[in-house]
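Protein chains in written order, with our numbering: chain A, 31 to 402; chain B, 4 to 463.
Quick caveat, the hints were computed from the structure, so don't treat them as lab data.
Being a predicted model, the structure only gives us computed values, none of them experimental.
Wrong hints could be hidden among the right ones.
Taking CB as the label site, the calculated pair distances span [as the list claims (entries may be wrong)]:
hint, chain 1, residue 1, chain 2, residue 2, range
1, B, R224, A, T368, 24 to 32 Å
2, B, T137, A, R336, 20 to 28 Å
3, B, R306, A, T368, 56 to 64 Å
4, A, S302, B, E425, 54 to 62 Å
5, A, R336, B, D420, 41 to 49 Å
6, B, E425, A, R278, 50 to 58 Å
7, A, D307, B, R224, 19 to 27 Å
8, B, G103, A, T329, 29 to 37 Å
9, A, G343, B, T137, 27 to 35 Å
10, B, E239, A, G343, 56 to 64 Å
11, B, A195, A, G145, 28 to 36 Å
12, B, R40, A, A297, 58 to 66 Å
To give a feel for the contact side, a few chain B residues facing chain A, derived at Cβ under 7 Å [claimed, not checked]:
hint, residue
13, G176
14, S381
15, R382
Every residue, glycine too, gets a C-beta built ideally from N, C-alpha and C.
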Amino acid sequence: MSTIVYCCPFVPAEWIAAHGLRPCRVIPEERVGGVEVYAGICPFARAFAGSALALFSEHQFLGESGGQDAHPPRRGGQDARPPDQPAGAVGGRAFCPPHGPKRETPGPENTLARGDAVAIVVTTACDQMRRIADLLAERSPRPVFLMNVPATWQTPAARELYASELRRLGRFLISVGGRPPSERELARVMLEHEADRARECALQTGHRSPILENVGLARAVEGQGIPLALVGGPLLREDVVLFELVERAGGRVVLDGTETGERTRPAPFDRSRLDADPFAELVRAYFETIPDPFRRPDTLLHEWLRRETASRGVRGVILHRYVWCDNWHAQTQRLKETLGLPVLDLDAGTGGSGRTRSAARIEAFVEMLAMT
Amino acid sequence: MSEQPRQITLDEWEARYACLRAAGVLPEYSYGGPLGRHVRDGDLRLRKLRFDNSPAALRLWNFLLTEEERLHQARRTGSKLVATMKDLGTVPVIVFALEGLVAFYPDGTWWTPCVMEHCDGLLRVADTLGIPDTFCPVRAMLGAFVEERQFPRPDLIVCSAGATCDDFSAIAGRLESLGFPIFWWEIPHRQAFTGEEAVQLPNGFVAARSQVAFVRDELERVKAALEGLAGRRLDEAALSDGIRQANGVRGLLEELRRLVFTANPCPLPAMELLIAEMFAIHFCSDRAECLVILAELVDEVRRRVEAGLGVLSPEAVRVYWVNPVADLRVMNLLEECGGRIGGTDHMICHALVPIPEDVAPLEALARMALADPMVGSSRERAARISREARALGCEAVVVSRIPGASHCGLEGAIIADTVRREAGLTVVEIEVPPLSDAMLPTLRTRLEALVETARERRRA
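Bound conformation, chain A alone:
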């Protein structure tokens, strides 16, 4: 099925699906390579470019579908697949981790074959990603769409800019094989995706990362541990080990505030507004509610973190950030000031050695919390 590859949470999967295309939100893999290492380039941006380009050059990938006609079963009761088989779209959002480990044999419904990916969507939410669009545009055999996501969010003009960018994205989707959605169709897809997200929330038991778990990238771990929040930008596929490292050290992640996690879920749709104008409601749910450090002002992020850490009894925060991610780096000290919790600043560079170092630092952090 024609698939749209992206990674930014401000690209609504519903909008792509309503155009009859399959949204595939990539969790990139660092070891894919394919893009040179430049000094100062963000490892995630590089990995995304490499993973996206690889989708056009290899035969088969693990993938998930969030399209209207492709909703594979999920964990939590209805899942008929063996436990090791990757689950499908999570909360209506497709996480498409290319190059899965061998143990994760793709099922036919979530296989992304060569030729499925018809375009890449990149946004301006991050300067490095904005610039990686240049590189992708040059190297990708398929079109690349750069969507403006305004950093400001409190003015009607910013909201309208986001809406107009979604409309422009819609025209682009039609140009690569999509069809214009009716209001009714859009509303139907939105409700479907929302139901998926609700199931995802119900699965959450406080000691797992449901999004990653549902795409076979993380496993639920039983037991108790010091409740921690994992906060930061998007995770690479290799970063999933962080959950395991926390648990091994005696902690548990009760709040996944990474970009890959629950922080970037859109707000629940308001049914009456959805009935009246589904597009406007889509814009509201995504643009006005998702907290992120690139937004100006960034108050939504801090309100969300204060609320969620308090309600879940979080005792410490692990901030996972890439070395060149300025938006998250600048939050390190602010998190300490605003949350009043110990914060472990876990800077992630390139390569596995960094994860070994992370393991030691996480152990020390959890030990410190255990003693206090």
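Place chain B on chain A using the hints.
Using the frame of chain A, we list chain B on its own:
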């Protein structure tokens, strides 16, 4: 008293100043005086620089190095101060059109750690606020806001967001968290959209008409905020006049650049040209004086060109320089290595061309803001650099990375690739920290190699 144009040390300037003063040939201006007094105020870097020896250049330096006093004076005399951040020459035009408001550019503090050789302590303050040296040296601005030595606390802070560097935006976000309210305005990533009319921008880039309209509305919001601060309305005629004044500055800079890039021998050192170009951003807080200084400098350079005089060897290799340097010393270094400036893109190429005067003023400013090379794609910027370097007859290109700047992670490689492919020029990428002393041998070797390569190509 008259002396051949050349570069001189601070000590030489002290002696020359005394002679010029005694001869009564120096023009009188309130911020005048010998350069050495700035060293006594802490501008230690001046001891290691080589300066143009003209009175016009002396005035340029004095104007630059007294901005701090000017801003404190403006506050004392009741002017309202507007900090225009991440803004390369747009909002200051509106600010200066309103009587009683003075714009300044806090981002410019990024040169303070260099000029004061870190004795300012600004970077240490930024460190303590959680903005360490993985960020661009513009983080010095944070210390300046907190300490209020470089400038008083502004009455209004205006900052663009959107298609900007993440490092700057993050620093500005941190500033806001410290109790400095910021008026944000959005600048979208410049694009031309399929199926939509495109607008030609002043420096040749194009943007979708809807983007221009959006930015115009954003600037309307900024204007309203400034009117609120000034306590008066800004009518179109006054804003148009402000644009004409800004174009006066731009016209002088255009002429200065044309003379410097095309004359042989080179009539003005790279460092003085860089400083003059930066005046386009916010007129160094005094638009009227800025016009006087630039006019003097252009006159001086014109005289030299007409007399066939210059400050460098006629054999100097023409180098196109990309991005401003955090350490001014490196501009001297290029010339010591046998190079000269043959073209520049200091990220402000849009601020050096006239603002359109044949459209409504805010429409003109919106077009100008969108023409910023940094709000569009790196490929577009690279193509423009490549075209300009070729047109100016440059023989090599230096891409000067700014440490910790988010655009530098990938942009340098894209520019180098494009320039090599399209202009066939040799490119070197260097990184310049605020104080480059420890790296000077390395930088020297790289620049010498670049110059030698260009000379070899001349001979071939």
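A quick look at each hint next to the structure:
The supplied range of 24 to 32 Å is met by B/R224 and A/T368, whose beta-carbon atoms lie about 28 Å from each other. For the pair B/T137 and A/R336, the beta carbons lie near 26 Å from each other, so the given range of 20 to 28 Å is met. For B/R306 and A/T368, the hinted distance range of 56 to 64 Å is satisfied, since their beta carbons lie about 60 Å from each other. Separated by about 56 Å at the C-beta atoms, A/S302 and B/E425 satisfy the suggested range of 54 to 62 Å.
Distance hint check: the CB atoms of A/R336 and B/D420 are about 45 Å apart, consistent with the given range 41 to 49 Å. Restraint check, B/E425 to A/R278: a C-beta distance of roughly 53 Å satisfies the suggested window 50 to 58 Å. In this structure the supplied range 19 to 27 Å holds for A/D307 paired with B/R224, their Cβ-Cβ distance being about 26 Å. Distance hint for B/G103 and A/T329: a CB-CB separation of about 32 Å, consistent with the stated range 29 to 37 Å.
Between A/G343 and B/T137, the C-beta spacing of about 33 Å keeps the proposed range 27 to 35 Å intact. A hinted range of 56 to 64 Å holds for the C-beta pair B/E239 and A/G343, which are about 59 Å apart. Distance hint for B/A195 and A/G145: a CB-CB separation of about 29 Å, consistent with the stated range 28 to 36 Å. Taking the beta carbon of each, B/R40 and A/A297 are about 60 Å apart, inside 58 to 66 Å as hinted.
Because the beta carbon of B/G176 sits about 5 Å from the nearest beta carbon in chain A, less than 7 Å, this interface hint is met. A hinted interface residue such as B/S381 counts as satisfied when its beta carbon comes closer than 7 Å to some beta carbon of chain A; here the least separation is about 5 Å, so the hint holds. A cut of 7 Å between beta carbons decides the hint on B/R382: the least distance to chain A is about 5 Å, and the hint holds.
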